[in-house]
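> Spelled out, the chains give:
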Amino acid sequence: MIASALAAADTAESLKGGHFPILTALILVPAFGAVVVGIMTKKRPEFVKLAAILASVFTGALSVWMLASFKTHTADFQFSSHHEWITAWGISWHLGVDGISLFLVVLTAVLFPLAIIGVDPHHDEKQYLAWLLLLEAGVMGSFLSLDLFLFFIFFEIVLVPMYFLIGGWGYDKRVYAATKFFLYTMFGSAFMLVGIIATVFLAKGSIGHVSFDLVEIATKGNIASNTARWLFFAFAIAFAVKVPMFPLHTWLPDAHTQAPTAGSVVLAGVMLKLGTYGFLRFGIYLFPEAARHSRAIFLTLAVIGILYGAIAATMQKDLKRLVAYSSVAHLGFIMLGIFAFTSQSVTGGVLQMINHGVSTGALFLMVGMIYERRHTREIAKLKGIQTVAPVFAAAFTVIMLSSIGVPGLNGFVGEFLILIGSFFTARWWTVVAASGVILAALYLLWAYQRVFHGEPDEENKTFPELRWKEGMVLLPFIAAIVFVGVYPKPLLDRIEPSVKSLITHGGYYDPQPPSAQPAAEDGTQP
Amino acid sequence: MIGADLKFVAPHIDWFALTPLLVLLGGGLALLVGAALTPRWPKRMYAWATVAVGIGALVMTFIQWHQVSKHGTKVLVGGALSFDAFSMFGTITICVGVILTALITDDYLRREGMDGPEIYGLYLMAALGGVVMVMSNDLIVLFLGLETLSIALYVLAASHRRRTESQEAGIKYFVLGGFSSAFFLYGIALIYGSTGSTNFSKILAAFDNVPAHRNDALVLVGVGLLIVGLCFKVAASPFHFWAPDVYQGAPTPVTAFMASVGKAAAFAAMLRVLVVALPNWKDDWQPVIWTIAVLTLCVGAISAVVQTNVKRMLAYSSISHAGFILIGVEAAGHVGGSTRTGMSSSMMYLLLYSVLTLGTFGVVTLVSRTGDGETDLSSFRGLSKQKPMLALALTVFLLAQAGVPLTSGFIAKFGVIQAAVEEHSYALAIIAMVSAVIGAYLYLRIMISVWLADPEATDDAREPVRVPLSSGIAIGLCVAFTLLIGFFPGWLIDASNHVVNVAHVPAVAVSATP
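One line per chain: the protein sequences are U and V, in this order.
Residue numbers 451 to 976, in this note's numbering, belong to the letters of the first sequence in order.
Residue numbers 6 to 519, in this note's numbering, belong to the letters of the second sequence in order.
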């Protein structure tokens, strides 16, 4: 009795985050860091960099602490933080984290310090760091918000730092790419904003008052299914641009290629996930019936994305552009998993969001390193790097294999879960999508072969080996790749309850109980 | 039945309730006469005197706001003016506009070697006209206010005597403005002809009282003409053609004044006329406003894309903002709605936009350098290197105008979109948001010039941009306000919700949560 009461109290305590508003801190620490960096003097750049690193590392430490105290086997939002903000409009500062957002938050918090430490912007470092920290705060806020208004604010605010990062520190066509990125995403958000407001007012009837609270609207707001389809569509446009789904993807290759390395890492690592995460957290959670209704469209677009991204990647001459197109393909897999609506496929989708963040983030880092050394990213100009820089090549190989989805590395777990989960509910789409796995091997291995194999020519003979600092930055990526590939259970344990609850909430059926799955890694419910 | 029992007594004048008006009038006259009779005042004194008058009027307005919330609404001067939260909110917007414009103008006039009291006197007179428009409860009074404001603006537009563009702007504005005033006046005549009164309360009552005598055709033509006149003043499409030329030619602080005070007064008047006086004809005017709103949004956003002069760009941006406010006006027409968020969101938009545009033009004033000619996009090149804080301020204003969250611009847009969606005007909301995306390109282009464009050889030869004290204060205040509202808009939303209680209209419950 006493023990269970204590346990309950303990749970309640930890659900509140032990009175320390850890989620608020996750947003405010980088935001505060950005302001501090912004007002620091330019004359002592080493202090500026130190402040930025401290802010981002501290955020990372907070996220790890959060991860450590996260309760498994529960689908509830944890560490919730709820404060009135704009009472006149029924808007509150409502944050919470569950299995779906948990690892995205951790990924964000870990990726930023690595990007800050690992990449040198070459000029105006102070502004650059301030924008990066602001971006971190925005991305963090988007993953943590449980209020539609709050989410929109963060979702939209990330455009500004990213715009300046691409425009200020990018490559030749940076202004074009930055503008395109900004306008495309804003176009999507335009529909979402109207959708959000309409949702709130339509839900007002059954809730009784105006509320932008996600959970309240999803559980109490009764919106006619006919209307819900339109609203889902409005949300879906915003997220589809962000993912990006074919045919709204055209901003991505430009933005990724022109962005500075840290920008690309963050863009691929976490920002694209705002789209897929948005589909799960907002689109499907709010309008499950509408999502099911339009699943054929999204599955088809996802599969087109997989094939198109892979084929386009094969054709690229620029290594960075190749990685960018590979993102289109990978995100297609995630969308396939999400819209197959089985707990396995969605769990795989969530896991694959993390995997893609890790492996593509690392790939962009390495492409950035290649550019630093050779001042070109053109595949044709690179040759035989393996001979002169074997460790560099080894690191690249591991990351590339993870991206391809080789068993034993993280990409395999995610893709496998997606494919096996989707096979029951979206068979033919899955069959076609599976060929994307092979295409991934084709474009990445072929690129690897051209860049790393062979005899280095005159220009590549002096290609410097991986430096200590670079190795230290890549090490966490490689460790994560191997760890998730070998032992994904800790992640799946935390992701799955929330996914299952989402599936139940949506009224989707699971074709087979997970325990009957033969090879679902360790993703079974205990 | 409302207003039917309103007795016509010899106008009793509640002088205390008129203090905001009287302070502006007295201050303006004192400034003009005093400055004419005394030797040249030391530098900044004209401007600071204007600021003092503005602050005085502002303080009186707040006192009256308190009176309204304590004792309720009433009409003044025999029903000519209305005394309600709507008037006070509009007056606050106008006073804020005067104060900030005076601060910006101070440095401008001395830089151009034209320092003197006249421009400030005209600002105060124009503000007086604006306040009369905001408070008006009678079409004739409204017209008086409109003319006071407009005539002052014509002179202000032409006030840079050495710039031919300024003269051109003045003449253009005058001729076209005269036309629109004529339309407006004719509209008043027709409304009078059909309803038998120019008083808002009586126009409102005429619909119910004597439907048999009501001559609908006359009223409808009258309403149409009134809309033409008002849409000209707010620069709504297709009556916007003067705006880019006049905005570009007029002295930059005057442009700021036109875009803030002029627009706020005209929109407040439009709300008064359409929502307070003519709600019974809403079925007729609402589609018109809908169409004009859509046109204005599209024209403002799309034409801005091809411009290269920043003042012209901002003129088109001002047109597109007018489109957004029209959405609020359209939503306010749905009187059937439980609350009138359309009205409060429009008024809030006006206040927020006024501050934004004043800040933006404040920066443009500084960048335009001596001669007020450097307003091409290229003039902004390298501003981030030369004056990073100024560049940052401009960026905040531009992002806010684009509607990026955590700025006042987002709250303003959110308000009107919310009002539209609440009344199920989904199409209008979507068109507005998409046009905002197109419009954002304009702001991005200016930001590119400021932050990202590569410097050219000729840049070093240009006069450096200076940030003098008064302008610095004005721009600083605008930035602070823009961000403050972005983060904590609650109090302003609550305040603006009070404006729906207009004198002489059946009171609508002020709702904390619309």
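Hints are computed from structural coordinates only; laboratory data are not their basis.
Keep in mind that a hint or two might mislead.
As the list claims (entries may be wrong) - Computed far set for chain V versus chain U, every beta-carbon distance over 10 Å:
no.	residue
1	W46
2	K75
3	Y191
4	L300
5	L382
Claimed, not checked - Derived list of chain U stretches under chain V, where covered just means 3 residues or more per stretch with a C-beta under 8 Å from a C-beta of chain V:
no.	stretch
6	601–611
7	626–634
8	640–651
9	782–793
10	851–857
Stated by the list, open to error - Mimicking EDC-like on lysine to aspartate or glutamate, the simulated pairs with C-alpha atoms at most 16 Å apart in a straight line are:
no.	chain 1	residue 1	chain 2	residue 2
11	V	K390	U	E666
12	V	K79	V	D120
13	V	K390	U	E915
Quick reminder that beta carbons are idealized off the backbone N, C-alpha and C, glycines included.
> None of the hints should be skipped; say for each whether it holds.
Results of checking the hints against the structure:
no., hint, result
1, W46, "holds (38 Å)"
2, K75, "holds (21 Å)"
3, Y191, "holds (38 Å)"
4, L300, "holds (19 Å)"
5, L382, "holds (13 Å)"
6, 601–611, "holds (count 7)"
7, 626–634, "holds (count 4)"
8, 640–651, "holds (count 7)"
9, 782–793, "violated (count 0)"
10, 851–857, "violated (count 0)"
11, V:K390 to U:E666, "violated (48 Å)"
12, V:K79 to V:D120, "violated (42 Å)"
13, V:K390 to U:E915, "violated (37 Å)"
In this structure, the hints that do not hold are numbers 9, 10, 11, 12 and 13, in rising order.
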